[in-house]
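Participant: Number 102 in UniProt numbering belongs to position 102 of the sequence shown; there are no gaps in the numbering.
Quick caveat, the hints were computed from the structure, so don't treat them as lab data.
You may find that some hints are simply not true.
What the hints assert, rightly or not - Using 20 Å as the maximum straight-line C-alpha spacing, the simulated SDA-like pairs for lysine to any residue come out as follows:
id, residue 1, residue 2
1, Lys98, Glu127
2, Lys98, Pro135
3, Lys35, Glu66
4, Lys91, Pro155
To be verified - Label pairs and their in silico Cβ distance ranges:
id, residue 1, residue 2, range
5, Ser151, Ser121, 25 to 35 Å
6, Gln126, Ser89, 14 to 24 Å
7, Arg47, Ser133, 13 to 23 Å
8, Gly122, Gly34, 28 to 38 Å
9, Gly49, Gln126, 17 to 27 Å
10, Gln126, Pro48, 30 to 40 Å
From the three backbone atoms N, C-alpha and C, an ideal C-beta is built for every residue, glycine too.
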Amino acid sequence: MRHGFRIMLAGLLGMGPLAASGAMAADGAALYAGKCAMCHGPAGAGRPGTFPALAGRVGAIASSPEGKAYLAAVLVNGLHGPILVEGQSYKGFMPSFKTLSDSDIAAVLSYAATLGGGSSSGISAQEVASVRSVPMDAAAVQAKRTALQASHVIP
């Protein structure tokens with residue numbers, strides 16, 4: 001009986017770090033539901049003329065390192081002013097989510113990349129941290145978007 005207790009205790013102690021890391025891992029779907037779905041819709045379809053669709057677009061943008069950096073910059077710094085998405089003009093204000101951790105931003109972007117059947121290799125917390133280390137104002141985020149649209153990184 002004592003031997004069985006030791007095995008059980010060893011198993012529980014060995015599982016502790018695994019269980020804790022799983023519980024602390026960012027849940028991209030939950031973050032999206034709480035932070036993004038209100039404007040962009042639960043499935044990322046957006047609202048024409050008000051909020052652009054994310055479904056099918058985030059995954060395409062995230063397929064390149066430059067696109068991933070842009071997406072992280074938008075969440076860290078926000079996005080303000082006019083943008084053109086699939087021929088539709090939007091002039092809005094997306095707040096900064098800089099209070100979220102790098103892991104949370106990576107998780108929500110990785111989840112958003114899967115909306116509409118999209119896929120991506122995901123965005124890492126390290127990629128977000130790299131973007132966060134270089135603060136950008138609204139004009140810089142807009143300039144980055146314009147350059148990426150010209151080079152077809154942003155469809």
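Participant: Of the numbered hints stated previously, which ones are contradicted by the structure, given in increasing order?
Facilitator: Failing hints, ascending: 3, 5, 6, 7, 8 and 9.
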